[in-house]
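Trainee: Those protein sequence lines, which keep their order, are chains A and B. Reminder that position 129 of the first sequence reads as 128 in this note's numbering, one-by-one numbering, no gaps. Reminder that position 28 of the second sequence reads as 261 in this note's numbering, one-by-one numbering, no gaps.
Derived from the structure by calculation, the hints contain no laboratory data. Ideal placement from N, C-alpha and C gives every residue a C-beta, glycine not left out. Check before you lean on any hint, since a few could be wrong.
Unchecked claim - Heads up, incomplete: computed chain B residues facing chain A, CB under 10 Å, no partners named:
no., residue
1, T250
2, E258
3, Q269
4, G271
5, I273
6, N274
7, V289
8, D294
9, E351
10, C453
To be verified - No more than 20 Å apart at the CA atoms, straight line, and that leaves these computed lysine to aspartate or glutamate pairs for DMTMM-like:
no., chain 1, residue 1, chain 2, residue 2
11, A, K134, B, D239
12, B, K326, A, D78
13, A, K30, B, D294
14, A, K145, B, E251
Listed here are the chains, written in short residue letters.
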Amino acid sequence: MSLKELTHAAHKDAETQPFVKILFSGKINPKLYATYLKNQHPMYEILEVCAMPHQLLHGLIDIRRAPKILSDFQELWNDETDGDPQILPITEEYIKYILSIKDDPKKLMAHIYVRHMGDLAGGQMIAKRVPGSGKYYQFENPEILKMSIREKINDEMADEAIVCFDFAKRFFQEMMELVEFKDE
Amino acid sequence: MSKVWDTLINIQSLLETEFGRTGTEIFEPGMDRFNQPGWINRVWTSDAYRRAHVDVVDARDTKGLWMMHCCIFPHVHNPAPIYGFDVVAGKNKMTGCFHDFSPAGDHFHPMIEWFGQEVAKLEWRKPRALPDWAQRIFTEHMVAAGNVQDETELDQITQMARTTLAHYLATVGETNNTVTDTTAFQNYYCDNQKQNPHTPRVMASLGLDEEDVRVFIQECLFPEIV
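The shape of chain A in the complex, shown without the other chains:
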């Protein structure tokens, strides 16, 4: 079985969360989406920073997402009028988790597979439906990058990829609580 098949159930579980439907709806509140970006930014930043010393990003042209996510956030958020966006508990938990595996390149690569490959696939559909210019989803050459990521992954990464999908699921769940809170 391939890594994709081995992680299929966890992937499905994450992508069918109600918040993902909101992302795809084309109607997400810009401030809610900005809060989503504000939480994604430190998660990507810590992952990409920890991946660098292991040369995991080498050959992955235009892989870095964290600076672009921050640009997208800043496009949608006005510090003076909007205050501080909420940082979710899952974001803090993920940062701590990535730091706990920072010396394990295989585990880190599994997270890059889940996150960055996801941005290259489903992310491209979200790009057209969210507010702002969506630099997060713009890649220089998506097909070559997908191929280059595939060259760095293997089936042994399945367990860790499932851990990452589980974090994604819980992140979507916490984002959904913000939706429900705002609706009250």
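Based on these hints, arrange chain B on the given structure of chain A.
Mentor: Then chain B, alone, in the frame of chain A:
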């Protein structure tokens, strides 16, 4: 949305992409201390060049500032110049942008002459008085700009970065193995760069730890060959 930051992040992507295309990323001992959220350091090497380093401090969110340093050193059997590109920017303007092909063994190297002709086209480039340490290592062609916010100038800086990087990477290997050893020239460059009082000040203003900055400048930003 910041046109200035977007322009510079695109230049960062260009540098990382080109080094990824032409070289192999390496992990230098001690550099992990300076890879942390908001501060990244990546180093590549290739047959054509000895060390290409990209250092970015992304303090857009915390200090409203973004800084990048990029330096490419040739191999020590090559008298080609050292490529330097430094920029500090707020949301609406580049407060400082410096770029040079600095001598490292041959003051009349064809790449330096090419650089002089190329940047002479930039109308906004203004000569400025340089401190002693800078006069010792930079050429008279050095590009120094401040308070850049005009969109045309931003586009010109992007174009300049693309053109000079492409030329440097395409030609730096041509004079490999034409001299015995340029170590002293490269160390001279590093030694003088370390005397730039603005570097630690700017990095501290970005919120970095002072001791981290001191060690970083000495050992990672301008490492001398021993």
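Trainee: Please name the hints from earlier in the document that this structure breaks, with their numbers sorted from lowest to highest.
Mentor: 9, 10
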